[in-house]
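Sequence lines, in order, name chains A and B. So the mapping is simple: my numbering equals the position in the first sequence, first residue as 1, plus 43. So the mapping is simple: my numbering equals the position in the second sequence, first residue as 1, plus 76.
Check before you lean on any hint, since a few could be wrong.
Pulled from the structure, derived: some chain A residues nowhere near chain B, Cβ distances all over 10 angstroms [what the hints assert, rightly or not]:
hint: 1; residue: Ile71
hint: 2; residue: Leu140
hint: 3; residue: Phe157
hint: 4; residue: Leu167
hint: 5; residue: Lys226
hint: 6; residue: Leu237
hint: 7; residue: Ser335
hint: 8; residue: Leu338
hint: 9; residue: Leu342
hint: 10; residue: Pro345
hint: 11; residue: Ile358
hint: 12; residue: His371
hint: 13; residue: His431
hint: 14; residue: Gly469
Here are some chain A residues pointing at chain B (derived, C-beta under 8 angstroms) [stated by the list, open to error]:
hint: 15; residue: Leu241
hint: 16; residue: Arg487
hint: 17; residue: Tyr488
hint: 18; residue: Ser493
hint: 19; residue: Ala498
hint: 20; residue: Phe500
hint: 21; residue: Ile504
No wet-lab data here; the hints were simulated from the structure. We treat Cβ as the ideally placed atom computed from N, Cα and C, and that holds for glycine.
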Amino acid sequence: MLFNSPVFIFIFLPFVLLVYFFLNKLKISLGKAWLVVVSLFFYGYWNIDYIILIIISILCNYGLGKFLIKLNNGTEKYTLLSKSILIKGIIFNLAILFYYKYTDFIITNVNYIFEVEISMLNLLLPLAISFFTFQQIAYLVDCYKSDALEYNFLNYCLFVTFFPQLIAGPIVHHKEMMPQFNKQINANVNHANLAKGLFIFAIGLFKKVIIADSFAQWANTGFSSATVLQFWDAWGASLSYTFQLYYDFSAYADMAIGVALMFNIVLPINFNSPYKALTIQDFWHRWHMTLSRWLRDYLYIPLGGNRKGAIRTYINVMLTFILGGLWHGAAWTFIVWGALHGLALCTQRLWTQVGFKLPSIISWLLTFTFISVSWIFFRAEDIPSALHIISGMLGVNGYNTSSILIAPGNTLITSPYIVSYLIIFGFSAFFSRNSMELSLNKIRYTIWDSLMVSAVFFLAILFGIATVDSEFLYFNF
Amino acid sequence: MSAKNFMITSFFSLVVILLVYAIVVDKMVILERNIPYSYKQFALQSLSEIQGKVIISAGSNAIHGIDSAKLSQYFNSPVFTYADNADYPLRAKILSIEKHTNKGDVVLLPLEWLHYSAKQGLAENYVDALADEELRLEFYFNNLPALEKLKFIFTQYPLSDVISGLKIQRNKIAMLKSDLKQLNYFTRVVQSGEIQMLGNSLRNGPEQIVKFPTNKTCDSYLFSGGFKVSRVFKDNLSLLKKLTRKGVAIYFTWPAVVDYKKSNCYQQNTINNVNKYATEIKELVENKGYQFIGNYQQSHFPAHCFLNTYYHIKRECAILRTNKLIEALKFSNIKKIHNTSDINIALMMNNEIIRNKNYIFYELIKALPELKKGKITAEQLSHRLVFKQGWAEQEKWGIWTVGNESAFSFSVAKSLLTRKYIMLSIKGHYFNGVEKTKVKINSVYYGEEELANKSFKVSVNSVSDNRIDITLQHTSAFSPKYLGLSKDTRKIKFGLTEISINATDDGTEENNEN
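One chain only, chain B, in its complex shape (with noise of 0.2 angstroms):
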């Protein structure tokens, strides 16, 4: 070809191989997860309709030194601590937070130190956790507005870690099951109470961070960056428009530090590089039109309220500082926001763990291979039935039912619903008793019934979306704790063992099994 035919070509062959690798990394790399494995990444999403809402982001140091409970108090409105790992880019949290926020939203920024000197480049935690096996950070890269994502595809995303993300055999099953690992490990932060529920974290919860090596000073640790605003977070201040532009407030403030032992934090040596750095952030800050709340010194507590790093407090602490916030608050003239809509947080999460968990059920009965004429055996059981609620964890002989009302579902093939019904078996034993067992298949009442070896004649007509589902009801369901039989405090009552399935069309079974 010509050279001026061999540029053109190179250069649409360029820009082809660049939008199929752009897919590639978006479509079969960082995978969206239908729930985000976080549970503050949950909350946000799903708290993103309320109006008039606080969210506390930063570093960790925002989950251990802000209540957010006590804040919501001075605000008269939700507070929601939206923080992770400081060694995250805050321009990913800013995206994902102008997501989710409207006008009259707030958002309130107790940055650690290392955040205004942050450097180019991305965390080796954050990049390997977007396309881990879990996907544990992929939210942030799927809140990215498209030519975010582009960005950061071509300028900061490694090829070695996209390789790394495409050895990953995912499985759409494996990834609903995780997702619903998660709801519900959300249904018990949610449960837990109010701290954790609002994105704070109990001393020894289950966020415990692993023992801080304490071979570093304080402050050798808090100014590791050095006492210059990087240009990194100078592009962070003009992304904050984005949440002006819609109406939300934004407001700084000083992280909390606490000293150890005899590391103090603010030590005479650098007290002069720390009062000038903070002028200038203060200053910089100001001057993009964001107000500073309180001073540094505020947020510096002695060694007794040390947890385990430099950026974290004991709860007390956490209250004192809290407090203090609020002072500066209300010296700062930051007016409440009144949000008088009666929000109750905790209903409000459970309803979006619900619908979330149908839809994940939806889903995995869907991506279940569908039930043809046969056995299910007890080692099968899980790989096969959806086990939706009132179920224990899959044991070898089979799966005990946990408290009074137990509920499972599959879908079955095509080809028997050609057929006037559909013959199910039940095969199980009964735990402290037999009882009978009131049953319902897809919400058509059968009777009560022992289990030990029953079948059922369900008509066609009651399967819709070759789904069927079952409830199974029991009144005497007791834990071998309670009974004195062991430590075991699952209140378990019937064993499945088998499912059989079959198709017929006067009510007798046929047993031309696959």
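Just chain A, with the same shape it has in the complex (with noise of 0.2 angstroms):
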């Protein structure tokens, strides 16, 4: 179920929200334990086969959580047996996310590098998997650590399948959301929250229906054009992504902490205004906030962070970064991406290191056009299709203006909806304040704010006919 489809805006959530409430007015613990229910629905209504799979995880990760932590009861921390408990654990939920996200990957490299014709196994990627495991990885690491408390059952459950967040983040650490799990006061309807909620989500709904959507399709369309690009298509199909995964993504995030508040939870920012950002650093703290956080927490400064030298940083810099890469999907294309992102960083921390520094402009023209063109290895279906969309953005392939075309009158650089598109929400992408600065400290409304909303969800309605195969980017990560 999508967020942006009717059956979730109309159907699900109000009824979800109703029987919440009216649960919790009976018992906390019901109201809970519908929402496990209810997530567990939202999760299996992709692929019901689905369910097992998370099921399985949590009971998993919770019984050894709670070993974990009766062991650090215990008079000697970091015991032998806790390590070994930790390191199975971390295994254990590495195996599960290796096997259905990477081993076909594993298949097809063996294949080409011995070749051999070992049979793929063509599994489906389970949803949600990536971030769930980080979750959950998370949580033992911090139980083995007794940085973890001792959670009911039902409570660990909500963490790890909460709907809002559950599909594609943001990825919430225990600490922040357990505590407001058994918050008395937020068990009650909060008008004021629920009112937040319902405009993030309406802000959320206009990013990803009207702003993303339309970017889609010119970037799939320069993206799986046949034809070689040219200078003005390929820089026209590079900054549709760009623009595409930053809304799409960022509405995804939006929306989900809109529905959040409305059940008087609060989710952790993940976006922050990403391409206003001056450095690599910077883009890194407004992109995905709660995956920053947790390769920096999880991976990062275990691997020794900045440490143990200055050779040892760049190694675990782009060591973090590759496996964040890696984490993304199971593909060249995130290493290289990923890699660029480490690179990147490295140079820029030798710069800071040896004192040079950029202009402003210069520097953010910088950074956003590294970004901008690291997309297209995120993008593109392989390495050479991505070196491809370069060489047009270089001018290698021509100048011509384009004759490749999404419907009629509409080509993919020539249309004037897509200049006017990149320009109107580039230009609020760099200049505007985003949709938390909007609306986190909102306290009173006016009829614009409801007649915004109401629009918002009317087009949602209409442009849902038309779209109705419209995922979220994350989803496939």
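Since each chain comes alone in its own frame, lean on the hints to assemble the complex.
Pasting the structure below:
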């Protein structure tokens, strides 16, 4: 069930909210149990087979976590046994992730290198596996480090399955979720939160159905074009994807935050105008912030961070970003994308150390151009396809304007639609306040806010007809 | 405003927006034609009062595959084929049939294979035709119950089609003229004979289909939707309950398919899948309480029956198939209806056409601008007057009468009716010698006159509803072909070139034209 689908907006969400607050009045645990059940239903709506996997994962991790906490309650912390359990727990989680996500990638490469023909497994990637795996690994590590309390099973289930953030994040931390689930006051209807949640959800919905899905048609046309893209088309396709990805993913985060707020749960902010970033490091403080946080806390710092000398720091940065790239998908394009960002961050670190500084505007331009070009690897089917687009952007294939047709009167780059979209929503990404800045401190509303919300819901219904398969991009990761 | 008011206002403004949108689509985009565009839709509507009729519905396969007249003999009741493109949603067909059937009627569904595996979503050619210039398929939308209409508007009808529909400049007069054009076409269909009148098609007839691309094998064409019964079909099957609740009997049968050259429709490598698929379909249908007539092999034809697609068979093969179907009906113990009422479909259709024509003429006369004092010149004639019967197409110089009786009408400005008389002048010329024309104005006989340049004094007392109806009668209308002058077969006589209107109290014309 997609957040932007009428079924979710007009049936699922209102029904779940109504029953949730009704059950909370009877008993809070009933409300929580209801949320777990509907979250599993929400998850199983795509494919019912996935539910078994997530339930097994929850049961195992909860059991392991409980065991680790019990062990640490003894006199001797960090015993060999608890370490061994943690390692087994991490291996268990990574093994599931690896099996479903990376087996075919390994087979493809083995087949290529050793010229053998091992059959692919062609497994269907369970939705959200990368997200709930990371959340639960963090939980196990914190149990091992005695940073996690012993939570009750229902709360733990809700922490993993809470449907607003289940599919594509934000990647939440047990410490920021569990206390909220336990707060008595959160069990009651809160009109201020409902209204704010609705407002944020509407902004996300607008970003998804009006902006991202429009950029999607140009990006998809460009990236799947059978013909060689020339200068303008290549830039059109690249920029379209750059904005599609931002508006699509941040839309999902907005909608998740909005929906969670309706249940009085505050999810962490995931985007803070990333295309305003002046450096790559700044970008990663603004883009998919909860993933950056996870990679920092559970990968970069355990690898040694910057505590083991300059060379090791650069290695750690590269490793973190390459693995971060691989987390997004099992393909060389993601590895290249991660490596590019790692390299960029190392370069920036080196520049800073030698005292090299660029004027802000140049720095921003360089950062944005780099990000935009690196997204080509993120989006392209394979590395040669990415290089084709980059060569188009460099003018190697010529400078003619487009003849690539998306729909009658709508060509890839000469269409007034794409130009106006790039100008309006490009500038919005660069200069205007983001959705969180617009909404988080909102207390009073105007009639225009109401009209905007209802118009967006209306458009979501109509655009939903045309784009039945309009899934969010981060569902693939 | 407060958070609570914000939510309430948002909710109600959304409801208002949705309502306005639904009204816009219903009243301004998919407008309802006075007369359905398609003959089959018009016939379904026109014959809806008949009790005990049989309606065959499916894709175009049914048009070419079953002889309605022959089946009519078996059922001893009128049989009509209400079928068109198989891409059009079965749901819309079922709902329109539901509206026009009665207790005791029979619906026979020789559905095509694709109907059973149809996926969600509508074919572009269907959606686009709902609100195109001619509103070719508006009938389907406008025959939906209110809730179905809303469901369609908000879950299936794309915004882009609403926008393009709104962009079309719709003119009431043009729409009425289009209705007349369709009614004239329906007249020709009824006159052309029983097969077409009952919804079947003559080979290479007016419904000739563009040459079929045969680069696809028959089985890949028939089963392009796969071998799995879809959710859409199951929903349609449930929808049929609406018909059975009305007392309509429903029977399923298999589609006629035809091999082409070396392309066999049920090939060895797919036959197992076809058998399993057919069994699944049959079981599903029978579990819902409907009877399936015959087996699918009975309607499989060899290549010599190929007309122009794998689903269209030639006329002689259609007769063969109908005979087989009748045998299967007998075998399945499907009783005759014995509708003893003496129903003459042709007469009923003609009466309906005439009734509708009169209505359209009436509306057209009201819609056209009223005539004030002045002249209607040759090139304006068909834009200002309603030529109801016995006229050729407008030409630059004027317009010919065709046949022995020709009638036209118009409405006059109210200001003219304040005087005692309307002075009506007719100008024109005769073909093949001057003849006196018998003239009737508003049912009053004005004698036999030469109309080269003739004025008539019409008493305003004979004018009701501002309307003037003029009938011209000739006795010697011959075609130029008959006279050996040209290939023109129209029986023409008088060429109308100008009409002038004036008003007076004493019968003399005044010259204050406007």
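(message) Of all the hints numbered above, which does this structure not satisfy? Sort the numbers upward.
(response) Going through the list in order, the structure violates hint 6 alone and respects the others.
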